[in-house]
Amino acid sequence: MNAVKQEENLGFTIENDKLHFESKEGIKNFIDRTDEMDFNAQVRKLQSRGFRPLTPVFKETETEAYNKFLMRKQERLHEKGQLYSSKNTDDELSVPEELDEDDELIADPAFAALLNEDRAIYVGDELYVFTTEGAYFCKIEHEQKLYDYLKKRGKALKNKMVAKELPCDAYLKGESSTESREMVTRISEDISLYAACGGGGGGYYPPVTSPDPVPAKLPYQIKQNLGYCTIRSESVWQNIFGDAETCHDYFDSKRRVKVKFWNQNYAGLYSSIGVMTKFQKKYWLGWQKSDAVDYTEMGVNYAEYTYSFNVPMDDPTKDFGIIAKYKGVTYKTDGTTVQDYPVSTPNWPFRSEDNYPLNLELYLFDKKFEGIKGSELNKAIRDLIMDQLKSKINGLEKAFQDEKVSIKATIVDPFKNEARFVIINKVKQSSGGKIRTTFDQNFLLTFKWKDKVIVNDNGEAEYTDSWSSKVFGAKSYKNVNIDFYGVARRDGNKYRGKQMGYGK
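Residue numbering for the sequence shown follows this note's numbering, beginning at 85 and increasing consecutively.
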């Protein structure tokens with residue numbers, strides 16, 4: 085048994101070539117507390133100790149190590165068959181272009197890096213193995229039983245295209261237990277199978293009407309001429325862990341831009357929704373991320389998603405109205421400022437790394453936003469700003485007219501016990517070849533506001549919690565609409581990228 089030193093306080097050990105997290109919450113905490121650079125450094129440290137992650141991190145100069153990884157991946161695709169991958173023919177396996185540093189099944193790159201090359205992980209007292217049929221899991225003490233079953237199952241699926249030919253429900257037992265049809269099937273007394281059969285139904289989603297951002301580096305006409313991705317609504321992986329779409333645009337046969345979107349739930353261990361743009365170069369066996377670009381840019385024109393809470397709000401009839409935050413000051417719609425309105429929401433995309441420093445936060449506790457979405461909701465938010473806020477908030481009107489403001493809105497419907505999150509006009513640029521942002525990842529998600537005033541011992545007014553909700557257990561996001569783009573520039577004037585729209 086090989087274990088990480090406990091004094092590092094990482095919340096997990098390495099055992100039997102797998103990471104062992106103490107709890108489900110530990111997975112989110114580890115991913116959430118590190119930015120991408122620190123996270124990659126941690127993964128590289130694990131690699132140096134012998135751990136082989138599903139998606140390892142290499143420097144661009146480590147060509148030999150990367151080729152060895154792709155060779156092992158090619159061997160796994162060939163040996164493990166249909167239960168591991170849809171690439172089940174020798175012809176497909178012999179084509180280097182089919183190999184990529186990213187995993188075809190686990191779309192979230194952060195979660196993928198915590199699985200070993202067999203897509204396995206220990207959490208608490210359970211073992212999880214992710215396959216094309218879903219996530220098989222059992223108590224660690226029954227690990228050998230699970231691997232014996234998977235070996236037999238893999239042989240049974242040989243030369244069969246089960247994942248492609250049959251919808252998720254067709255080979256799972258049991259009844260749907262959630263709106264997204266996340267199901268657990270009991271395979272035997274000791275083995276169970278999880279699959280989120282809520283994919284499918286996604287597809288091309290026309291971009292909503294919104295002013296186009298004009299970043300400092302990316303020319304307006306370049307963004308306007310980006311091709312739109314063709315979304316494959318019949319994607320195999322939409323039937324297993326949720327939605328995942330990828331598109332490419334090529335500079336030439338050895339250089340391309342990869343644009344990716346995902347909304348997936350990994351057996352209740354971890355759930356996330358995010359987008360990624362990456363410049364890649366083709367090497368001997370496959371494609372790898374490269375920093376050989378002038379810059380990379382990713383922008384979210386519009387994104388909207390809904391999250392349902394597991395516990396009810398108290399005092400659901402209370403009218404909270406509309407609150408706006410701009411340049412560190414909190415306002416009501418009449419223009420009066422609020423001394424403190426400490427609202428906590430899930431992480432917003434890009435966090436403090438926005439290309440636009442001017443961010444307008446809106447908290448909408450108003451029934452007039454109920455039942456509208458997409459372009460209609462986008463228009464309603466913009467009308468709210470134009471009609472009620474821009475003249476009341478110092479400096480907002482000019483910044484809004486100059487399209488220098490990014491907007492993020494939280495819409496809470498206490499009667500439905502859910503919250504909707506909207507992002508408009510968010511842009512990030514990087515001098516490197518990759519930008520990844522996770523809109524939100526939930527295992528332990530807290531949303532709260534404070535409205536009860538008390539006077540402390542110093543005679544100062546303080547807010548106390550009116551309502552606080554902790555959501556235990558990763559859940560899938562609903563009603564996802566997104567329109568975003570990713571682009572890279574090389575050699576001063578060569579641009580490649582794609583715009584992607586998705587809605588369901």
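Simulated from the structure, these hints should not be mistaken for lab results.
Just to be clear, a hint being listed does not mean it is correct.
Said to hold, decoys possible - Within a straight-line C-alpha distance of at most 25 Å, the following computed SDA-like cross-link-like pairs (lysine to any residue) qualify:
{"no.": "1", "residue 1": "K451", "residue 2": "K482"}
{"no.": "2", "residue 1": "K500", "residue 2": "D575"}
{"no.": "3", "residue 1": "K488", "residue 2": "K338"}
{"no.": "4", "residue 1": "K164", "residue 2": "S276"}
{"no.": "5", "residue 1": "K338", "residue 2": "K578"}
{"no.": "6", "residue 1": "K373", "residue 2": "Q131"}
{"no.": "7", "residue 1": "K143", "residue 2": "D450"}
{"no.": "8", "residue 1": "K235", "residue 2": "V268"}
{"no.": "9", "residue 1": "K229", "residue 2": "E106"}
{"no.": "10", "residue 1": "K488", "residue 2": "R340"}
Hint by hint, here is what the structure shows:
1. Restraint check: the Cα-Cα separation between K451 and K482 comes to about 29 Å, which exceeds 25 Å; the hinted pair is violated.
2. Restraint check for K500 and D575: the C-alpha separation of about 52 Å exceeds 25 Å, so the hint is violated.
3. With a C-alpha separation of about 36 Å, the suggested pair K488 and K338 falls outside the 25 Å cut-off, and the hint is violated.
4. For the given pair, K164 sits about 20 Å from S276 by alpha-carbon distance, which is consistent with the 25 Å threshold.
5. A threshold of 25 Å between alpha carbons decides the hint, and for K338 with K578 the separation of about 15 Å falls inside it, so the pair holds.
6. This hinted pair checks out: K373 and Q131 have alpha carbons roughly 18 Å apart, not beyond 25 Å.
7. For the hint pairing K143 with D450, the CA-to-CA distance comes to about 49 Å; that exceeds 25 Å, so the pair is violated.
8. A threshold of 25 Å between alpha carbons decides the hint, and for K235 with V268 the separation of about 20 Å falls inside it, so the pair holds.
9. Distance hint between K229 and E106 is fulfilled; the C-alpha atoms sit about 22 Å from each other, no more than 25 Å.
10. For the proposed pair K488 and R340, the alpha carbon gap of about 30 Å is over 25 Å, so the pair is violated.
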